[in-house]
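J.: Chain by chain, the residues run as shown.
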Amino acid sequence: MDDKLRRIYCPMTESGFYILFCLREEMHGYDIGKTVQRMTGGELSISPGTMYGTLSKMERDGLIGLRKIEEKRKYYGITEVGREILANEIRRIRRMYVNSRGEDYHEGKED
Amino acid sequence: MKEKKTELHFFFLTDYEKEEVFLRKRALQGWRMEKSAGYVYTFRRAEPEDIVYRIDFNSLRKEDRETYLQLYQDYGWTFLDENNDFAYFCKKADGTADDDLDLFSDGASKSEMLGRIFRRKMIPILILGVIYVLLMGYSVSGDIQNGFSSVWGIVGTGVSIAIIVLYVMLLAHLILGFRRLQAKYNSESQG
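Line order of the protein sequences matches chains E and D. Position 81 of the first sequence, counting from 1, maps to 81 under the numbering used here, and the rest follow consecutively. Position 148 of the second sequence, counting from 1, maps to 148 under the numbering used here, and the rest follow consecutively.
It cannot be assumed that every hint is accurate.
[Said to hold, decoys possible] Distance condition first, Cα-Cα at most 20 Å in a straight line; then the derived DMTMM-like pairs of lysine to aspartate or glutamate:
| hint | chain 1 | residue 1 | chain 2 | residue 2 |
| --- | --- | --- | --- | --- |
| 1 | E | K68 | D | D64 |
| 2 | D | K184 | D | E20 |
| 3 | D | K91 | D | D50 |
| 4 | E | K57 | D | E112 |
| 5 | E | K68 | D | E20 |
| 6 | D | K62 | E | E59 |
| 7 | E | K57 | D | D64 |
| 8 | D | K62 | E | E107 |
In short, the hints are calculated from the structure, not lab data.
Extracted from the complex, chain E is given alone in its bound form:
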């Protein structure tokens, strides 16, 4: 992975992670927001300014791509680079989860 991307996206912000995670499917900004709110039991709300800024930035950095524009809404989807960064982040979250249960983490071991 690009060093510059590593510096920016490892670790990711919470909303960044959820946005990238949702974009494994093609979605537009407001839909991502509603999905994240549902997924997190209402604990995480991503406001439009944060959503717009994060989507623009991720698009510029190549983590997501614009798939189509329908009824004035931009639909994005994750790219290969995005998948790599997401996998990295999930590994990091899993490591913390394993450690939080008092266990040692071993890379590559399924829990």
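Since the structure of chain E is already known, use the hints to place chain D on it.
T.: Showing chain D alone in chain E's frame:
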């Protein structure tokens, strides 16, 4: 009773949070913001209501405007006007959750907006201002050394000095503003 009124307010680049508070106060007094051009605000008479105003900063390309506004509309924000790349939105406060009354949900994105304002608006002010101050300073010191050729020479120098003083005051206000907001957003990020 007057239907519309205009007001002059000098809100600068780092004053948008104060501006939002001011606009909400006006709405509670029965004046809704309609337009913002330069430092002139146009209000129209309406029922006093608690309305939250939020200001966003984005240097959008023309082709991105439509989708940008649609996103904010999807989130329930009404677009009012755009002034110097600052976009004004509003939403009724009553019956809306606190989470939904902000344009940003974390300190990091507020910080990024501040960075955009700095790069896009502050840097040109600094560059142009420094050039102006150097030129004026040079000609003023020249006048003082060589003596003034007329009363107008003195007046002209006085005006140049006044402009430089005002510019430095504005610069100080902006720099302090950027530092204050950056510190505030950084502490929100660690939450």
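J.: Next step is simple, just say for each hint if it's right about the structure.
T.: Outcome of the hint check:
Note on K68 of chain E and D64 of chain D: the hinted pairing holds, with a Cα-Cα distance of about 13 Å set against a maximum of 20 Å. Restraint check for K184 of chain D and E20 of chain D: satisfied, since their Cα atoms lie roughly 17 Å apart, inside the 20 Å limit. With a C-alpha separation of about 9 Å, the suggested pairing of K91 of chain D with D50 of chain D holds against the 20 Å cut-off. Straight-line distance between C-alpha atoms of K57 of chain E and E112 of chain D comes to about 10 Å, which keeps the hinted pair within the 20 Å bound.
Of the supplied pair hints, the one linking K68 of chain E and E20 of chain D is violated, its CA atoms being roughly 35 Å apart against a limit of 20 Å. For the hint pairing K62 of chain D with E59 of chain E, the CA-to-CA distance comes to about 18 Å; that is within 20 Å, so the pair holds. For the hint linking K57 of chain E to D64 of chain D, the alpha-carbon distance of about 14 Å falls within 20 Å, and the restraint holds. Using a Cα cut-off of 20 Å, the hinted pair K62 of chain D and E107 of chain E is violated, with the two alpha carbons roughly 48 Å apart.
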